[in-house]
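> Residues per chain are reported as follows:
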Amino acid sequence: MLEKINVFTFCCLLGLLCLVSNSLTAQGIGEMETALMGDQKSDASVVREAQTQTWFNSYGTFRLTDKWYWHGELHYRRNESNKTLFFGEMAQVYNRHGIKYIPTKNFSATAGGVLRLDFNPNAEEGFNSMILEPRIWHEYIWTMPYERFRIYHRIRIEHRWKKGFEKGDEYVFGNRWRYKFLMKIPLNKPKLQPGAFYFSPDVELIMQTGSKITDNPLEDLRIFPTFAYIANPRVTYSAGLMYTTGQTSQAGYIYRERFIVKFNVYINLDFRKFDDKIPETSFYD
Amino acid sequence: MKVYLFKYKIVNIGFLLVCLCFLFSLHTTAQEITKAKKINDSIIGEVFFQYYLNNQDTIYNGNFEFNSTQKVKDQEDVVSYNYVGKYQENQKTGKWVFSKKELTPQKKFKEKNYKVTFSTSGSEFKINGNFKDGLADGDWQVVNQKFESSNPTDTLYSISSKFKNAKMVAHFSAASNRVNIDGNFTEDGLLDGNWEIIHRLDNKKLVEIRSYEDGIFKSHYFLINDEKYHIEHVGLDIIVEENENWVDIEIKDDYFKILELTNFGFKEEANKDVVEDIKATTQKSNQFLKNALLSFGYYNEFEVWNSLKGNQAIQFGKFKVRKYTYTKNEKEQLAKLKDQSLQIKESLANFFSNSQIEIGKLNFETLNKYESILKQYQKAYPELDKIVNKLTQPAFEYVDREALLPKFNLEINFNSQLNYTYQEEQITEKHRFPEIPEQNNLSIPTLAKLVGNWHKDVVEIEEEVERILEDLSKQEALNEDEEELVARKTELIALYSNEDEKDNYNEFHEDVAEGVIQYTNQVFENYVKLPVDQKKDEIQSTLTCIEKLLNTYTELADIPRKLDRLDDVYTRTSFNPYLMVDMSERIKERIYKAFEDYLFPELMKEIKQDIDCDEFPKHLNDLERLYNRMVELSDQDTSDIEKELRRVRDADEIKQILLK
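Going down the list, the sequences are from chains P and A. Quick note: the first sequence uses the working numbering, first residue 1, plus one each step. Quick note: the second sequence uses the working numbering, first residue 286, plus one each step.
Fair warning: there could be bad hints in the mix.
From chain A, some residues computed to sit far from chain P (all C-beta separations above 10 Å) [what the hints assert, rightly or not]:
id	residue
1	Val401
2	Phe410
3	Asn469
4	Thr471
5	Lys503
6	Asn548
7	Ile644
8	Ala762
9	Glu767
10	Gln825
11	Lys893
12	Cys898
13	Val933
Sample of chain A residues at the chain P side, in silico, Cβ under 8 Å [as the list claims (entries may be wrong)]:
id	residue
14	Ser859
15	Asn861
16	Pro862
17	Tyr863
18	Leu864
19	Met865
20	Val866
21	Met868
22	Ser869
23	Glu870
Restricting the straight-line Cα-Cα distance to at most 20 Å, the calculated cross-link-like pairs of lysine to aspartate or glutamate (EDC-like) are [claimed, not checked]:
id	chain 1	residue 1	chain 2	residue 2
24	P	Lys189	A	Asp852
25	P	Lys191	A	Glu870
26	P	Lys273	A	Asp867
27	P	Lys67	A	Asp867
28	P	Lys105	A	Asp867
29	P	Lys191	A	Asp853
Treat the hints as calculated values from the structure; they're not laboratory data. Values in this document were obtained by computation on a predicted structure and should not be read as measured data. Note that CB positions come from ideal geometry on N, CA and C, so glycine has one too.
Could you put the whole structure together from the sequences, leaning on the hints where they help?
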């Protein structure tokens, strides 16, 4: 029964992805925003012209003890420029670190800090070309293993101090409430194992709260269908085009859209001593 | 001066006399001793004797007494030996008495002077003799009496004779309940004149006369109603002629055997019924006469006088007979004939007591044939044995063989046509038995030839039978092994055919099954075709071969487990915290692939190609060795090996690298 429900969920997500994709193709990104702005209907949402970005992300999980890990992420993100889509100019460097606790193979909890460097390559007078955004974060992941695929539920909560590029801007504290649903479905192997290509439908909803958040609690909805390859137990690569949309801080009815090409590499290393690496179960007869 | 000389002489003579008296007194000083003594190596008793010592030698001189009283083991009976007599200078002299008593104590007893005495019943053998200078001399008497309550009740026999210089001389008489003998000896101790033997048989009195002349047997007859019924002694010469070899023989030299050999009963056929069993009667005479003559010096086998110190005391009566000395050739023939006859007897006994014969007869036709032949030999053997016994006894040299042998009736008949049954089939066959010599042609050579041929035939048959029985026992010994061989072969074929659909039957069995079954059948067929002799040599190796092949089944059954284990040991599993799954990966992939992709398939190919007792297990051993090496390598630093294996595809080369 449960399996049927999950298959159903998966089909719905795929359908949603296709719908968004089709509507974009039919209307065109610029046309849609212009049309909405022109009508000046206060009860209608306005969608800004979509941005394109490229993210190069590396995710590291380093095992320290039997159940404790060091989680480290380094993201290099570029933004489109006037001349170049996706890769035009520097956008962010993102550092996320935390200590991960994995008590069972179906649950993990992580807590740590983030230091994001936001770049403003075209900063004018009175604006900073780079600002820092610190965060405290913690997340909780549940996995649901099935015979042919896995489902992951991730809840991530971030407490961040955010400010604008303008000089003299103060940090404003806010919270982010993130829920992510994703699946990993191996394509050429029966399970997730080295050599396996897998497809990962990934949807994340990011909500925010804070003193400055009034009518824009929906920060981002990310839809990210990914194709990945498990090179070995230590390295996995994935790539995909992520679509995101969410309310802007400018006004709750104004939505932004992004298309982000993501290249991810996942590195898992075991820093334990050799003797401690012996698996729990014996391979020998 | 003369007086002085005279005085000197007197002194000298006196001194000499004193010395002589001293020496004499030394010489004649009698000593007595009573001590334990063993005579005849078996009779322990107490001896009392008087003696003196001469140069440390004990010289018996004076009275002598010996008494041995022994209880018969596990019985109440008592046996006693007693000697009483005198010695003079180590020689028996005067009256001597020997007595042997076999007594059973009775329940009555009485005490006197603290000694308890029992009355007894039994018998006493007693010799009263006389010696002179150690030789029998004078009147001698032997008595055997029965006792009841310590009183003589019956005399079993009494014998008396006169001796002179140890020889029996003059009159001799012996009397028992059934036979009386009277006769005379010459001064030289030879039997002489008529020896009258009176038989009392069932209230009938028979008088047997044996006439001697200076020890020479002259005639032998029964006197019934004053009529003589002569006994024929064929081959016993009674007339001394020139150039003949006549010798004195004593009783102990089987004289009476000569008489028995030559005794052919009454001369006249018509007199046969005069005495019911003439041979038995004369044999009784012989026996009694022999025992009577020997009784002066023997009690059964016990030498009465030779058991004591002193010379041989007695010569028993002597006879004179003609000796027909054997030629060297005859001696050899007789010796051979005796041996061969004994061998024949032994071979026949072996054959008919061998239980394997009965079993062998079921499978070997010749055993039935040989049994048929040997049965005839067995039936005839007593007759052969009888004549061989006659020919080979010492007495035979004192008879005229030419006269005696033709009188022997050789009742031997062989039927050359054999009839026997084999596996319910009646078979008739001919066999050439030894030729039986004609009665008038009986001689040592002809009898030697008969026994020789008989022996040869029996020995040949025995050898052949031995060979057959050996085959039989080989076959029996093989049976157990062969049963095992068949069982093993069946088991092997069943395993490789997967008749029982065993769980451990796998693709590797399937690959070689046809070859193994074919090879097993071939091995079995080759063995079956072998002759029995070679089968015995080959059975163990054939069994070993099948055993080896059986082991291969187990080893092949273990291959999947081994491959799984290699897969395991060459796999590392670790937890991927990103994907949150346990993830396996191959380690030392080059080694594993070299084994999996090249070496193992090549080994399996070789196994399939070389299915025999040696190569098949050898290849599996190689596999086992490589498997162990692979397990070993999984846990070692193999960077060098992996480097060497780069681009290597040849199985042999891979094998060499891995086994370095």
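> Now tell me, hint by hint, if it's right for this structure.
Against the structure, the hints come out as follows:
no. : hint                 : verdict
1   : Val401               : holds, 93 Å
2   : Phe410               : holds, 94 Å
3   : Asn469               : holds, 113 Å
4   : Thr471               : holds, 112 Å
5   : Lys503               : holds, 111 Å
6   : Asn548               : holds, 98 Å
7   : Ile644               : holds, 54 Å
8   : Ala762               : holds, 44 Å
9   : Glu767               : holds, 40 Å
10  : Gln825               : holds, 36 Å
11  : Lys893               : holds, 27 Å
12  : Cys898               : holds, 30 Å
13  : Val933               : holds, 24 Å
14  : Ser859               : holds, 5 Å
15  : Asn861               : holds, 5 Å
16  : Pro862               : holds, 4 Å
17  : Tyr863               : holds, 5 Å
18  : Leu864               : holds, 5 Å
19  : Met865               : holds, 5 Å
20  : Val866               : holds, 5 Å
21  : Met868               : holds, 4 Å
22  : Ser869               : holds, 6 Å
23  : Glu870               : holds, 5 Å
24  : P:Lys189 to A:Asp852 : holds, 18 Å
25  : P:Lys191 to A:Glu870 : holds, 13 Å
26  : P:Lys273 to A:Asp867 : holds, 19 Å
27  : P:Lys67 to A:Asp867  : holds, 14 Å
28  : P:Lys105 to A:Asp867 : holds, 9 Å
29  : P:Lys191 to A:Asp853 : holds, 18 Å
Violated hints: none; the structure is consistent with every hint.
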